Amino acid sequence: MKDGKPRTVFSFNNCSHQLAYQDTKSQAVSYTTGVPAALGASLVARGIWSRSGVNNMEQFDPDPFLAELGPLGLPWEVVVDGKLAFGV
1 MKDGKPRTVF
11 SFNNCSHQLA
21 YQDTKSQAVS
31 YTTGVPAALG
41 ASLVARGIWS
51 RSGVNNMEQF
61 DPDPFLAELG
71 PLGLPWEVVV
81 DGKLAFGV
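Going by my numbering, the first residue of the sequence shown is number 1, and it counts up by one from there.
Derived by calculation from the structure, the hints in this document are not laboratory data.
Take every hint as true, because none was put in to throw you off.
The following label-pair restraints were derived from C-beta to C-beta distances:
1. Gly-53 <-> Gln-18: 34 to 44 Å
2. Val-78 <-> Ala-38: 15 to 25 Å
3. Lys-25 <-> Ser-50: 28 to 38 Å
Quick caveat, the model's predicted, so the values are computed rather than measured.
Quick reminder that beta carbons are idealized off the backbone N, C-alpha and C, glycines included.
Construct the entire structure; sequences and hints are all you get.
Dropping the structure here:
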């Protein structure tokens, strides 16, 4: 909701199986699972993400994560109240 009106915000990444295999000799599902996990661990190790206790990824500031995700081969897009190319 914004200004009392419903809205849709969709964020996504579309990863090519062929390109993932060329880079890693693995399928895109493995790539899109492993890269974000490794990036999250890196943000914790570098002290960019730091909280005591047990936390979910969603509790951390997404900006540093999203800033580094694209350069690691997983660019992302956001569509606000728009048509999606793949029909969702």
